[in-house]
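Taken in sequence, the protein lines are chains A and W. FYI, our numbering numbers position 10 of the first sequence as 10, with every residue one higher than the one before it. FYI, our numbering numbers position 262 of the second sequence as 262, with every residue one higher than the one before it.
Simulated from the structure, these hints should not be mistaken for lab results. Hints should not be assumed to be uniformly reliable.
Partial chain W-side listing against chain A, Cβ under 8 Å, derived [as the list claims (entries may be wrong)]:
hint: 1; residue: P125
hint: 2; residue: I149
hint: 3; residue: F312
hint: 4; residue: N313
hint: 5; residue: K314
Okay, the calculated bits of chain W under chain A, using three or more residues with CB under 8 Å as the criterion [said to hold, decoys possible]:
hint: 6; stretch: 232 to 240
hint: 7; stretch: 303 to 310
Using C-beta positions, here's what the derived DEER-type ranges look like [said to hold, decoys possible]:
hint: 8; chain 1: A; residue 1: K144; chain 2: W; residue 2: D287; range: 44 to 54 Å
hint: 9; chain 1: W; residue 1: I342; chain 2: A; residue 2: R170; range: 38 to 48 Å
hint: 10; chain 1: A; residue 1: E122; chain 2: W; residue 2: Q115; range: 49 to 59 Å
Here the structure is a predicted model, which means the values were calculated and not measured. The beta-carbon is built from N, C-alpha and C at its ideal position, and this holds for glycine as well.
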Amino acid sequence: MTDSHSKHILSIMVDNEPGVLARIVGLFSGRGYNIESLSVSEVDSDRFLSRVTVVTSGTKNIIDQIKAQVRKLIPVHNLIDITELKSFIGKELILMKLDIKQKTVLNIYKHIKNIGAKILFEDKTVIIIEFSGTPTEISSLIKKMKVYNIVELTRSGLVSMALGKDYIRR
Amino acid sequence: MIKKLSGARIVIEALIQENVKVIFGYPGGAVLPIYDELFKQNKIRHILVRHEQAAVHAAEGYARSTGKVGVVLVTSGPGATNTVTGLTDAMMDSVPVVCISGQVPTHMIGNDAFQEADIVGITRPCTKHNYLVKEISKLAESIHSAFHIAKNGRPGPVLVDIPKDIQTFETKYRGKKYTKSFAFYKPKTKPSLDTIVKFVNLLEKSKKPIFYVGGGVINSGSRASLYLKKLLKITGFPCTQTLMGLGATPTSDDQFIGMLGMHGTYEANLSMNKSDLMICIGARFDDRITGKVSGFSPKSKKVHLDIDASSFNKSVNVDLLIQGDLSKILEMTLKYIENKRISFSKENISAWWIQINKWRAKNCLNYKNSRSIIKPQYALQRLDFLTKHLDPFITTEVGQHQMWAAQFLTFNKPRHWMTSGGLGTMGYGLPAAMGVQIAHPKDLVIDVAGEASILMNIQEMSTIKQYRLPVKIFILNNHYMGMVRQWQELLHGNRLSESYMDSLPDFVKLAESFGATGLRVNKPGEMDDLITEMIKIKGPVICDVVVDPKENCFPMIPSGSTHDQMLLGPNDKLEGEISEEGMVLV
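Please put together the full structure from these sequences, using the hints given.
In structure tokens:
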């Protein structure tokens, strides 16, 4: 068995029914697999299908085992390992609330513009910005904005898609 | 016009459509409407157990001895939670079971209502799938898909949780044929031909092959056993079977070299260790089979035939995977061999057989018999000798007696051996024997038990009495939790912490109090008479076979060791200390 760990992005098409997320998450925790990021949402409201994106890591054997176990779940229609495709994109979304009461924040607007983030809300005390990007870009944004007073932030799990013709079948 | 039926009635109608003849259950508040419908019909027989765990084991015994789906009916809350051990057992041993549980009415769910338990949440990891039926329109579909899922692919338990209000609501039910989308689950059953070609190529080239056969062959059906028997004959290869696989092909066959694994035979384990080609058919490289994985059959090419893709490369990496229904894989293999006129030269493997026969000559199951005290092995040898001609169905509890039964009994037909392999559930054997006996009322059914295990579901004597089930309970009574004691002797400095069975009941009187016959034997010379009498008695019997309290089960591969590091008897000492890695293994 090879021992090198690698990160994998799994895209899973499931029936959007009660408990389906618990089945997937329970499988991971019950068998001791790792979930680094998770995002779920309905993508086909006619056929009640949800798409789950799980970022996990492990040796080749563990990743193969995870895929086989997930595929065995009855509500799972399809699973693709996006990381194994030629090329793909992966994006996260972040919302960040910044305190702007102090005068030192005068150049904050310039900063936000440079980064390419959007301002969603502002009043005399706070602004909320929105930014989407790769996990690395998001992490670097958080680091940069630390010079200001971050009141709170929230970031989504990764959503991902293959580039080119590849796609997950329903 | 189709009449509207209540949910409870639909449950019964759907079970009838699934050809269910027997269900094992226990009533309670949340399933009263279903029990009411049961009362009004006579197509389905209900067996009232005395504990819900036993209902599942009985359904398992029924399922494993017939190949049909076993059905359980229990109430909400404690009724449902009591099934968890049984469902987990069925999950681990791939037994098709459908468990229907009552639930508090939908509007009460989540309110901590009386006898409410989130059984769908609780059983999610121990069922193949489960349903909470929240709408009457989904009821029939859920039940039919439960049966479909339980028996297709790798079999397993499915639970259907039905709130009480759903049982009383009404809707139209037109039968299984008209129930939409219950059969969406379609596991891969047909292998690709090129893997078959590769497989046969490996078979041809091997000089030291071994068939490693598991319970999957039995689950695949009688045709799989037949094809495997044929393949064994054509190739002349040796064959070992797992605890779950015993009887897949006759164990009296000369090519059968014994069970493998922790308490397997010397020849089977060494053949696994030294082979150059291992053909795993419907088994899963369980830790009881492999021992220390890094030293498991280091030089062999490995082929794995299974319907369940998640069994591939799970603990042991294999060279060729063939996914599909075993009877289809074996049938295609035989056809290919026939079409290509491939013949297997016995010369190719003659040196291998000479080696195996040398290992066989060690006579590893030998034990020192006694004239004054009954050795458990002797008791089972006599049981085998005196009952073999009747093709008995054997169930067991869990422990030393179970391993000795696996070693010393003959299994010439599939579906005649029911034991808790994966989960190792003490208390499995008695209720499982009830299920077997219900399915085969005229046949001899024997529960080989230990005095500790039997007490875990002893309340089922009452069920046995009620339905006049002539189950024979063969207790090897050594006054210890024998396997626990054996490990304590071997690994924990002989400190026998809590493994002595004090204050045992008088099993003869216990039998009599339930209207059964109780027999006791102390001397080896009386063993045969006891067994003969036991068979002759028409009703249930408890045999209290008082055996040597000190006997241990050999051969044994201590945990964390490899197949070539076996202990063959009480005089074999562990080489050095058991590694820390081995100590933490179960």
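Against the structure, the hints come out as follows:
Contact between P125 of chain W and chain A, as hinted, is supported at the beta carbon level, the nearest pair being about 5 Å apart and thus within 8 Å. Annotation: interface hint on I149 of chain W holds; nearest CB of chain A at approximately 6 Å, less than 8 Å. Here the hint on F312 of chain W is kept, as its CB sits about 7 Å from the closest CB of chain A, short of 8 Å. Using the Cβ-Cβ criterion of 8 Å, the hint placing N313 of chain W at the interface with chain A is satisfied: the shortest such distance is roughly 6 Å.
Restraint check, K314 of chain W versus chain A: the minimum CB separation of about 6 Å is within 8 Å; hint holds. Check on the stretch 232 to 240 of chain W: 0 of its residues sit with their Cβ under 8 Å from a Cβ of chain A, so the three-residue criterion for coverage is violated. Under a criterion of three residues with beta carbons nearer than 8 Å to beta carbons of chain A, the stated coverage of the stretch 303 to 310 of chain W is upheld, 3 such residues being counted. Checking the proposed 44 to 54 Å range against K144 of chain A and D287 of chain W shows it holds: the Cβ atoms sit about 50 Å from each other.
In this structure, I342 of chain W and R170 of chain A meet the distance hint of 38 to 48 Å, their C-beta atoms being roughly 43 Å apart. Judged by the Cβ atoms, the range 49 to 59 Å given for E122 of chain A and Q115 of chain W holds: they are separated by roughly 54 Å.
Of the numbered hints listed earlier, the single one contradicted by the structure is hint 6.
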